[in-house]
Every structure is written in C-alpha cells, then in structure tokens.
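Q: Below are the chains, spelled out letter by letter.
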Amino acid sequence: MAEATTNGKYKVIGTRPIRHDGADKVTGRAKYGADYTFPGMLHGKVLRSPHAHAIIKSINFDKALKLPGVKAIVTSKDLPSVANKLEQAGEMAINPHHLSMNILAHDRVLYDGHAIAAVAAINGHIAEEAVRLIEVEYEVLPPVMTVDVAMKPGATILHKDLRNQEDGDKQTNVAQHYQFKRGDVAAGFKAADYVVEREFKTAMVHQGYIEPHNAVGIYSSDGTATIYCSTQGAFEVRSFSAQVLGMPVGKIRVVPAEIGGGFGGKTTVYLEPLSVLLSKKTGAPVKLVMSRAEVLRASGPTSGSQIKVKMGATKDGKLVAAEIWMAYEAGAFPGSPVGAGAMCIITPYKVENFLIDAYDVVVNRPKTAAYRAPGATNAAFASETVIDELAEKCGIDPIDFRIKNGVKEGDAQTVGPPFKRIGFIQTCEAIKNSPHYKSKLTGKNRGRGVASGFWFNAGMNSSATVNIHADGTASVVTGSPDIGGSRASMAMITAEVLGLSANDVRPVTADTDSIGHTDVTGGSRVTFATGMAVYEAAQDAVKQMIERASKVWEKKPDEVEFRDGKFFAKGNGVPPMSIKDLAPRFSRTGGPITGRASVNGRGVGPGFATTCVDVEVDPETGKVQILRCTIAQDAGKAIHPSYVEGQMQGGTAQGLGWGLNEEYFYDEKGILRNVGLLDYRMPTCLDLPMIETCVVEEANPGHPLGVRGVGEVSIVPPPAALANAIYRAVGVRMLETPMSPPKVLKAVLKHGGSAQHSAAAD
Amino acid sequence: MSKKTLVEATVNGETVEFLCEPRQSLLESLRDILELTGAKEGCLTGDCGACSVMIDGRVVCSCLMFGVEAQGTNITTVEGLATTGTLHSLQRKFLEHASLQCGICTPGFLMAAKGLLDRNPEPNEADVRYALAGNLCRCTGYDKIVKAVLDAAADLRTHGEGKAAAR
Ligand code: FES
Ligand code: FES
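Top to bottom, those sequences are chains X and C. All letters in the first sequence, in the order written, are residues 516 to 1277 by the working numbering. All letters in the second sequence, in the order written, are residues 53 to 219 by the working numbering.
Watch out, some of these pointers could steer you wrong.
[As the list claims (entries may be wrong)] Dumping the calculated DSS-like pairs for lysine-lysine here, alpha-carbon to alpha-carbon at most 27 Å: (1) C/LYS56 / X/LYS581; (2) C/LYS55 / X/LYS581; (3) X/LYS578 / C/LYS199.
Bear in mind the hints are in silico, worked out from the structure with no lab data behind them.
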C-alpha cells in the first residue's frame, strides 16, 4: 500500500508503511500483560463490595486463608498511610490518600465493586474460591448516585473531610467549582434576537477497551519491585504505585507490555500496587487480571453529567451570549473532567459574553478516569445541539453557521490566550465540500446532522534515543506505550531525518529504567511530543555523524553537509558517504553514535473535528440506524495517514456508541446491572457504516513537522451530530444520552410525529 | 482441587495431549497449559470474540467451551494461520490496510474472517459485517477491518490460499 508521499517536502512522512509490530500482532506472538508468566507465579483475585455505600465493620479471612493453595491475603491494613493532599506525581497531580482508598477500601466502601481485599493462590480458580470465603460485615448507607441528589442540601456525605473553596468548613459532595466568564452576559442576551435554553443529561460510559486490566508484580528480596502491565503510562504506574506502597520511585521498574486499548482508562493504577503487595507477602511473582465485570464495576469510566446551556444569537446568525451550568459525576473521589469540559464547551466559537459554572461532584460510582478528550464530549452534546437549534432559528445552514461564528487564528480561547494557527473552519469546509454533505438524503424518517468538537491536546514530557547500528540502520527508543500504531510513526520520523527507509528503523518502547521520563500515551501527545523528541534525537545523531565524517575527511564539521541520507564534503570532488559507509568507522572516530533528546512539549496545537451523520429512525421501535458518516479533523500533519484515519474512525465509532447505546445502568440500591458486554452495548460491525475521513492538514506552528496529535477530538462531535440528525428525521430534540430505542420511541410518541421545534426529555 | 483429565486433540496440525481440570475453559487450556496466548480473553461470556478459534472448521468462542470438550477435535488458533513463516492473505491484508490499532481483537477477527472465507469466498460488505458481528473492536470503527477482509477474499480468489503472493 506504499504510495507517493502527499507532501513533496518529505520522503517517508505521509506514506503508509507496514507497522513494525504488525507481524507479531497478526500471528498471536505479541505479548500483552495477561500473556506474561513467570516460574512459580501465583494468581490473584480481588474481593469487591456488593454495596454502593457502606461502612466496613469487620473483615474475617480465616476461612479463606485455610483453603489449600491460598498463599496470602491483603487488605488496606497492609498499605502505609499516605498524604491526604494533592501531590505531583510526574506530570499529574494526585491525592495519594484517595488513590490508596481506591486501591483497597479503608473503612468504607464507596461504590459497587470497590476493592476490599486481594488473595494470592496457586491458580485463579482457588483464589476466586478464597475470595468467596472472606466474611465482611457492613453497615449499609444510602447511596448517592447522581449529581442533583449529591448537591442537594442535606445530602448524604461521601467524605467527611471533603471541603471546597466556597463553602468554608461545611461538609459537601462538591469537590470543586470552576468559573469562566467574559464580557457582559445580560447585555449579550439583550442583543440577541433568538435565545435557546435547554437542559441535558449524559449517562456515565466506559472506554470499553477489549483488554481487561492486568499486572504481574515481582517483589525482590533486595527491596526492589518490577511490574509488568498493560498501561498507557509506565512512568505513571511507577510513581502512583510508589505513592500507594510508600516505596521510593527508584526501587520500582515498570515494563510496559503490549496494550489492548486504553482510551484514557489505563492512565492510573488498580491492580499494580496489589500485585507488588501480594508478591512481597508471598515471595513469588503474582499476576492479577480483571474480569469484564470488574472492568465495568471498578475501573474508571467517564462522568455522567447534567448541563444547562442558554445561548443567544442575532437574526443574522451571530452568537452573542452563552450562560452555562454543568455538573459532572467524579465518581467516589474528586476529579471529574468538568474543568476541561467547561474550557471546551464553547471554545470553537467567538462568543463575547459568557458565564460558565462547572461543578465536580462525588457520587457512589467508580472513580472516573480519563476517556478520550475527557469532558469535552458531554459538553459538546449540549452546546452543539443548541447551536444547531439557533442555526435553524436563524434560517442558516448549520455548517455555515459554524463557519460564520468559528474561531480562527488570533481569536481568544475560553481560557484567554489567543489561538495560534488552527484548522476549525477548514474542518467545516471539508465537510461542506465532502461528497457526503453534497449528496441528497431522501426517504422517510431520515435526517442529517452535523456537529463540531474541540480538544486542547497535550504536550508534557518525552524522551527518545536514536541508535545507529553498524550496518547503517537505526533503532529509536521511546517511553511511549504504543496503543494505536505510534511506533510506526516514530520510526518514520527517524527515517525521514536520517534519510533511511521506514523499514531500516526499528522502534522500541522501553521500560522505566531504560529511557528518560516519558508521560502517558494520552492527550493526543505521542506523535506530537514524543515525535518531537524523536525528531531532535535523530538530528542529534546526524550532528554527531557530521563530526565523524569531518574526521574521516580531515575537514571541519561545517565543511560537511548532510542531505538525503548522505554526507557531502564541501569543495573538492570527494564522493559522498552514506550512513552505511560511515557506520563501520564509528569506533575509530570516537565510539558508537547515540542521538538523544528529551522535551517538555511546548507549542501544543489544538485539535478540531466536524462530523456529519445520516440516520434513519424507526418510529415504531425508536431504533436509530446510521446510514452514513463522515469526519473531518485537523491533524496538523499526518505522519502515517492510515493510523490518523484510524484514530478518526475509532473515536467516531466510540462517539456514536456513546450517543446511541452505551450507559451505566444502576438500580435504586446503586448496584450496576449491566456488567457484561451484551448489556453494556458497544457498536458492532453491523451497527456502523464505513466511516469516511477528511484529513485536514493545517500545520501546527509549534512542531517541527507541523504535528498536532489526532487521538481524541474525533469522539467529541458524534453524540450531538446524532441528536441533530434525529431531529431532522423525526422532529424531536433529544436531550439525553444514550438516545437508545426506548428513549427515542418515547420522544417520538410524545411528539406525535408532526410539529417542528419540539423537544424531548425524559 | 478437582481431578485432572487427559485430553488429546490436534492443535495447529500437531497432536497434543494435555491435562486439565474440568472447570478450565478451552481458552484457559490453550493459554495457560499449551502456552498458546494468541487467543485473548476479553469477557469470558461469549460477547467479544477475542478468544475465537476454529474447531473442526467452525469458529467458536474458546471461552465458552471446556478444555475437556476438545477431546478428539481439530483446533486452529491464530498461531496456526501462517504456514511456515508465510502470512495468510488475511494477515497480510490486515497489515496493509492498517486494520489493527491495539491489536487485542485481531486474532479473533482473523479467525472469524477465515471462517467466513472458508464458507463464502465471494462475500459482499454485508456478508462480512454479518460474519464479524460477534467480534468487538473498540479501536478501529471496523472500517479498515471490513476492507481488509474484502481485499483478502479477492486476493484468495486470484491466488489461492497457499500461493498468495508474498509482498
Ligand atoms: S473472551 Fe470469549 S467471547 Fe470474549
Ligand atoms: S484494534 Fe484494538 S480492539 Fe481492535
């Protein structure tokens, strides 16, 4: 599938080589976390709370310990007490006390599935039997499941010591209030000809990676520990585990295995500290793997939310004011992405007057973790449907409305500073000019919707080394776990700089002792920041090789030039030297060549996407069938276009699932009722059409290759695009996700199928 | 601890014997006893297809079968798809079309697709989507998977299984 490069400037970048880890992955040889075994390895299982909210009165594991084959049991008593305040762990701030309480409940359980104890036994079946023999006495408390209940005066309190900056010494479930404002909102609304005000709800959803969490911990008698696990961030696993276990960071080595999906959900720790704790107690390697039910009950889904949006526009379609209230479920401990949601919700548009209030609220659900553009999808579901309604009131095509109000270079972001070069308008135009948008949609109960999304993207720390081999080929080593083909991009960037083919570069993901600190694979940052480190490390190697060539030629370094993979001596007619010619001379001219770089990725280029979707609604059942879907996204520069398209398609599919089917379904006792993949319904092959992609390349001025990062923003528009399409199909405004058949049917029936501009809430 | 049973089966062309407990699934037997970790565990309830293998020519979820039930059967796992180092057309097409991102679902998709192409060498897009509907992929949105299977079908029709041109 190799094809001519899309950009004359580059030879390798923009082509589509076969990924380097591909052969191992199609032959079953690639080793994911659960595939590791070690001699004498034990298997661990976790006892989890059957209650959403309860005080643990006692734990008795005498019977469990007596079961033949059981080697050790740990509870929170085996964890050291740690600081109850935000602490810097790598790039992220965490509260070690909360993290510790999530790893093993201390004195109360705060959600259905909360870990209480862990068992190590000679096999998983025995460990599971032992878990069932542990006796726990609970005092059950009322569960607090939604933000409105949690925020009510007199609500049951989850954490007696939780305070926020506004309520003084009052006990509260509100961990944080963020506010963003600009201009004069009242005056803005006065100037508006049309005002739309709506209230939205989105359900808690899960990242849905196919590979459950896993970890093998090996504690050594010298006080060091090694953890093998599938993670998005080996360095985060190291620092978080060190915090929870009270071990120095330098005593823990984390080896990132191949990873079977994460989407943000594998950026924290669950099993890793337990595996070390159990290994320490037994002296053997201990492996833990979650079941699917454990993944759903007790890993970190993303927040359900309630959002009120009021927006105004003048007759000619200019947005003039926005007033927004949003509250997100943090789960059992503070830290929902509501702040990020607030900073995204109207960012694609120039709005001179706005007021945004955002609340982070603890509830008796699992502690949320990052999920692809965390917080932005909930927010866009609300704002992008209101934008659609305003466009309709103004009689303007929804894409034109976005182009008219959309942000460009120099416009202020919600948080203040102006945008550098961005490609939002270009994504709208790409949709407008797409075969999809230009096609006519005909047929009963069919409709087309569009929506847009914004995500910051992230920089953070990355390290890379580029080693030149004796045969003139190279390897590139980074600390970024490869979750979707990033190793290929790292090899391609190296190859581009060195003038090699992508095949001549081997990309490697190293463990925490073998490469400099590298933050998570997340925030769409790998191709951007790790790519920048790789680019600089390759250039460092070139610089060193220029010196070596000058030694060989007995010239000054500035008399040697490197281009197209060859060294040229200025002046006299010396024939050029390739890296292959030079490599055998390394040891005689000063030793091996290793290029190095570490970066703190500045110059992050934000991402925008616009999505168009056609649906058909069955008015008898409420089922929404997706007929066609196109996404346009600004990549800055697509290093490997196939994997850029892959990110766009994958994020779109997740957004479509979020919009139509996925939800955490808790009963009145706070017990999660859909703990399997049949009932937590993610899109299958049959639910989706081909997903057409328009890759926009508006170079990021902050990156040597123009890269922005493409991992996240594609998930943001689909739920709103679906709601807008359903409205066009059957005339009802859906205000809740998931827009599942019962909800759509209810709305259609209520609406009676005729009047326009009607809305549906549950 | 329950008593173990001796099971004899053909796995990827080789006769193998293994001891397993009655409660061990075929998936567990393959992964933990025979050390064939190509089949993956995504759910253990038959909902994700990551554990798919072929038994006597049929695609099954190995998590839904007990190891002891494999007695006397002929099993192909993803490790047996390539022949003496040459990738099967499906494997090559998955790579060429970038049909995997994390790759955890890939072994299951390859086996499900092989099952389809063995039955129906000329599938259309709807056939492919129907045949793969029991396999979940969370990374790709399926677009590039469906394209790879259609392309592999065309390739196999032209070149045949054994002779598929090496890239
Ligand atoms: S593990 Fe067998 S179907 Fe999911
Ligand atoms: S490639 Fe990750 S689940 Fe399919």
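Q: With reference to the structure, classify each hint as holding or not holding.
A: To see whether the hints hold, each was checked on the structure:
no.: 1; hint: C/LYS56 / X/LYS581; result: holds, 22 Å
no.: 2; hint: C/LYS55 / X/LYS581; result: holds, 20 Å
no.: 3; hint: X/LYS578 / C/LYS199; result: violated, 55 Å
Going down the numbered hints, you'll see the structure goes against just number 3.
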